[in-house]
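Going down the list, the sequences are from chains L and E.
Oh and the first sequence: position 54 is 54 in the numbering used here, straight run, nothing missing.
Oh and the second sequence: position 234 is 234 in the numbering used here, straight run, nothing missing.
Don't read these hints as lab results, they were simulated from the structure.
These figures come from a predicted structure and were not determined experimentally.
Check the hints yourself; a few may be wrong.
[Unchecked claim] Heads up, simulated EDC-like pairs for lysine to aspartate or glutamate below, C-alpha to C-alpha not over 20 angstroms straight-line: (1) 198(E) / 78(L); (2) 4(L) / 129(E); (3) 4(E) / 129(L); (4) 261(L) / 295(L); (5) 303(E) / 180(E); (6) 4(E) / 78(L); (7) 198(L) / 100(E); (8) 4(L) / 100(E).
[Unchecked claim] Using C-beta positions, here's what the derived DEER-type ranges look like: (9) 76(L) / 41(E): 24 to 32 angstroms; (10) 198(E) / 41(L): 46 to 54 angstroms; (11) 177(L) / 199(E): 39 to 47 angstroms; (12) 76(L) / 253(E): 19 to 27 angstroms; (13) 37(L) / 41(E): 53 to 61 angstroms; (14) 1(L) / 319(E): 43 to 51 angstroms; (15) 159(E) / 78(L): 40 to 48 angstroms.
Built from N, CA and C at the ideal position, the CB exists for glycine as well.
Number of protein chains: 2
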Amino acid sequence: MAQKRMGAQTIVFGKPPKIIASATLAGPKERDGNFGDYIDTIVDEPMMQEATAEKAERKMLYQVIQESLAKTALQESDINYYIGGDLLNQIISSSYCARDLGIPFIGIYGACSSMVEGLGLGAVMVDGDFADNVLIATSSHYHASERQFRYPIELNIQHKQTSQWTVSGAAAGILTHQGEGPKITHITFGKVVDLGVKQPDLLGAAMAPAASDTLCQHFADTNTTPGDYDLILTGDLGSMGQQLFVDLVKEAGYTLGTKHKDTGADFYKPHQRAGAGGSGCACIALGIMGYVIKEMYQGKYHKILALATGALFSPLSYQQGDSISGIAHGVVIDNT
Amino acid sequence: MAQKRMGAQTIVFGKPPKIIASATLAGPKERDGNFGDYIDTIVDEPMMQEATAEKAERKMLYQVIQESLAKTALQESDINYYIGGDLLNQIISSSYCARDLGIPFIGIYGACSSMVEGLGLGAVMVDGDFADNVLIATSSHYHASERQFRYPIELNIQHKQTSQWTVSGAAAGILTHQGEGPKITHITFGKVVDLGVKQPDLLGAAMAPAASDTLCQHFADTNTTPGDYDLILTGDLGSMGQQLFVDLVKEAGYTLGTKHKDTGADFYKPHQRAGAGGSGCACIALGIMGYVIKEMYQGKYHKILALATGALFSPLSYQQGDSISGIAHGVVIDNT
Chain L
1 MAQKRMGAQT IVFGKPPKII ASATLAGPKE RDGNFGDYID TIVDEPMMQE
51 ATAEKAERKM LYQVIQESLA KTALQESDIN YYIGGDLLNQ IISSSYCARD
101 LGIPFIGIYG ACSSMVEGLG LGAVMVDGDF ADNVLIATSS HYHASERQFR
151 YPIELNIQHK QTSQWTVSGA AAGILTHQGE GPKITHITFG KVVDLGVKQP
201 DLLGAAMAPA ASDTLCQHFA DTNTTPGDYD LILTGDLGSM GQQLFVDLVK
251 EAGYTLGTKH KDTGADFYKP HQRAGAGGSG CACIALGIMG YVIKEMYQGK
301 YHKILALATG ALFSPLSYQQ GDSISGIAHG VVIDNT
Chain E
1 MAQKRMGAQT IVFGKPPKII ASATLAGPKE RDGNFGDYID TIVDEPMMQE
51 ATAEKAERKM LYQVIQESLA KTALQESDIN YYIGGDLLNQ IISSSYCARD
101 LGIPFIGIYG ACSSMVEGLG LGAVMVDGDF ADNVLIATSS HYHASERQFR
151 YPIELNIQHK QTSQWTVSGA AAGILTHQGE GPKITHITFG KVVDLGVKQP
201 DLLGAAMAPA ASDTLCQHFA DTNTTPGDYD LILTGDLGSM GQQLFVDLVK
251 EAGYTLGTKH KDTGADFYKP HQRAGAGGSG CACIALGIMG YVIKEMYQGK
301 YHKILALATG ALFSPLSYQQ GDSISGIAHG VVIDNT
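Okay, chain L solo, but in the shape it has when bound (with noise of 0.2 angstroms):
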């Protein structure tokens, strides 16, 4: 078996590669939100200034990443690679600011799942010789995921009570071997798993499955149990989700219990009127590198396990029937 495995989905990092620098971005109604304190900066128009919610977002995602990098030493040519991707139909907000940075860029789609799965393939870069700096980063915004995957938010529709809401944002990594910062230890790519759930309303059942197949997969490669861990962040299942996975995971033999927190559950407030939580990429990127990353900085968190969900599908495979498969991506960082 190749060296740097473990079981049968988890890879071991021999150099653990640092997370040496982190930017958050997001909008007023994220500021207020839970997770509000965590993000480093907020934007009050979420429109960027820009005609158009899918130009806000790449304008968001362009700006974070430049954040991400004055907070090192590093210029841009020093970045050996940029990962990233996002939601929209071609990635073009990841595309556009890959060539307004001119880093040489890879192109990843997982969905929601893009952050996880961004600093895995970086992970394996840094730590196997190939690459000296790797950027990660991806974004979400509302109004352009709306009216992509439901409806244009003109239409005024309401929101079921199932409906997450997707985070208006964008987070960014900067992997290396050099610097401080917390280290990524393993990740799990996961499989996708897809129970036929078909309701884009529900995506957080539709990936629960999955979440819950990533997480007994790492644990069982690793010889690991919830305990082991300060935290398992998922993101997004939703509060509907969430509930589901923590059922699948206890029948599998694992009890969570407050081990366990849900990005999307816990993104906003009652108040917010935001259905059963947050969604898109920016919302586990941020609760990755806005919350973990700085109650790691605190010592609040040592070692913790985040899975990154996405739903598999698109507006034309649910109109051509088709169920929504979920993915999740599992990766451990560890600041001790």
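Based on the hints, put chain E in the right spot on chain L.
Showing chain E alone in chain L's frame:
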């Protein structure tokens, strides 16, 4: 600098992964083109007995993956990762295939550059001891792409001479250290380059600057010239894009001459009325996994450089006035 790097953008593999199996599948129009004899499986009916083109594309992809596995002693469960992407929104062809395969999935988006982006990441995984066996696959479908990017074919809109024709087909390859096969020795991941082309009927022209940029960077990084390769295969620039590419490369000081071939420009025969040539993820994927690999086994080619190009845009970005960005990733395949 990281040990496995060479110059600014190129990775050099210490233990070059081998392509131990490849498989190709396409429809009747592709059979009648210039690469027809190199395609393993021809399906008579591009709709694959499915109700929609999207489901047909997915079926082609699934079938070609099974055919690639059947050429090895490996089972699905022996494959550590399936790295793949396609042109459809939210890469549904690849995601649903991954679901049906049950192999951990790393979704990528590089438009028509997907095969080489995937080969690069797969080779990183295998060379770096992160995986034993990796599957790379991609697909495209004329009907599905036309209606997503241009017009539904039922409208019978006349094609421009500068337009390219999306190849209906799929290709897969398996990378490992075990067994025998052509080796992947270098990968040059490209930058996003945009000279301001805005017409989706001129994708070759939009991508040519990126192809030239990556090629010249590859030459500089590896201290090679066209003379070091038996073939420099681009795709899918088409007849107009390839001329621009050759001119740009010449301006940079390199004469390609007969060493250069473009899968897009060469894919169909003139009487097939395919405009400026073939396109789609399957175009250069069939070129590499069909034409190149088979001719390597026949002894015609020993060392080639394949530059896969992608046009990074969406119908929405076009409608919003954005130009069409291009990217190109280059891979060296060596059978000496």
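So, going through the hints one by one against the coordinates:
no. : hint                                : in the structure
1   : 198(E) / 78(L)                      : violated (31 angstroms)
2   : 4(L) / 129(E)                       : holds (6 angstroms)
3   : 4(E) / 129(L)                       : holds (6 angstroms)
4   : 261(L) / 295(L)                     : holds (14 angstroms)
5   : 303(E) / 180(E)                     : holds (16 angstroms)
6   : 4(E) / 78(L)                        : holds (16 angstroms)
7   : 198(L) / 100(E)                     : holds (17 angstroms)
8   : 4(L) / 100(E)                       : violated (27 angstroms)
9   : 76(L) / 41(E): 24 to 32 angstroms   : violated (45 angstroms)
10  : 198(E) / 41(L): 46 to 54 angstroms  : violated (32 angstroms)
11  : 177(L) / 199(E): 39 to 47 angstroms : holds (44 angstroms)
12  : 76(L) / 253(E): 19 to 27 angstroms  : holds (26 angstroms)
13  : 37(L) / 41(E): 53 to 61 angstroms   : holds (57 angstroms)
14  : 1(L) / 319(E): 43 to 51 angstroms   : holds (49 angstroms)
15  : 159(E) / 78(L): 40 to 48 angstroms  : holds (45 angstroms)
Hints 1, 8, 9 and 10, counting from the list given before, are not met by this structure.
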